[in-house]
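Visitor: Counting in our numbering, the sequence shown runs from 795 upward without gaps.
Hints should not be assumed to be uniformly reliable.
[To be verified] Taking CB as the label site, the calculated pair distances span:
#1 E816 with P851: 19 to 27 Å
#2 A824 with P886: 42 to 50 Å
#3 E961 with T820: 41 to 49 Å
#4 D968 with A852: 27 to 35 Å
#5 T940 with A852: 19 to 27 Å
These are calculated hints, taken from the structure and not from any lab test.
Just so it is clear, CB atoms sit at the ideal spot from N, CA and C, and this is done for glycine as well.
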Amino acid sequence: MERLNKTNVVYLTLRIDGSLDEQARTAVDALLVDQPGSAIWHTSSATGRSYALLELPASPDASRIAAAGAKLYQTPIIALAVFPEVREALPPLLEALGGPGRPASILTCEPCSGGIVIEWDPQRVSAAVVLGLVDVELQRFNSGRTAELLSPLPPESIARIAADGLEAPQIAPDRVLEMLLDA
């Protein structure tokens, strides 16, 4: 497979609910080879979901990929599973982040076994804001949390999250060694 020029790349996120069998994954990977494109996969047994970060040329034909029985987001998203220590915190957390008054930047917030899965567009809101909202709701129950990142992220998103979290705006994709070596 030819290597894509990183300046002409589009990133999309694919979500598959339920267990991801090898046949479904192979079918998606085969569709990407024709583009040419590639996928980075992550499967979570705790949530029963699989996500793929799709790297495609600037004008992708994503219609066939979406037809493979998955939800396709036209942008890279962050999908995070949050598991509160106090179970009683789940309904209010789900209502705050998934109900009618939820922040506009939250794409979905759905229950999973023992927790919730929150999906959002990192171009519209930072991870710090979403996690801050989660923690505010959990404080009402004096609850801690564990979390699992479900969706692979493009290098630019990783650099932005690191820069925000470390309060180091100089962190950028063009200054991250791993990204420079991959180019």
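Visitor: Please go over all the hints and tell whether each is borne out by the structure.
Guide: Each hint, compared with the structure:
With their beta carbons about 26 Å apart, E816 and P851 fall inside the hinted range of 19 to 27 Å. Checking the proposed 42 to 50 Å range against A824 and P886 shows it holds: the Cβ atoms sit about 44 Å from each other. Separation of E961 from T820 is about 43 Å and conforms to the stated range, judged on CB atoms against 41 to 49 Å. At about 20 Å, the beta-carbon gap between D968 and A852 misses the expected band of 27 to 35 Å.
Range check, T940 to A852: about 38 Å between beta-carbon atoms, so the 19 to 27 Å window is missed.
Hints 4 and 5 from the list above are not met by this structure, while the remaining hints are.
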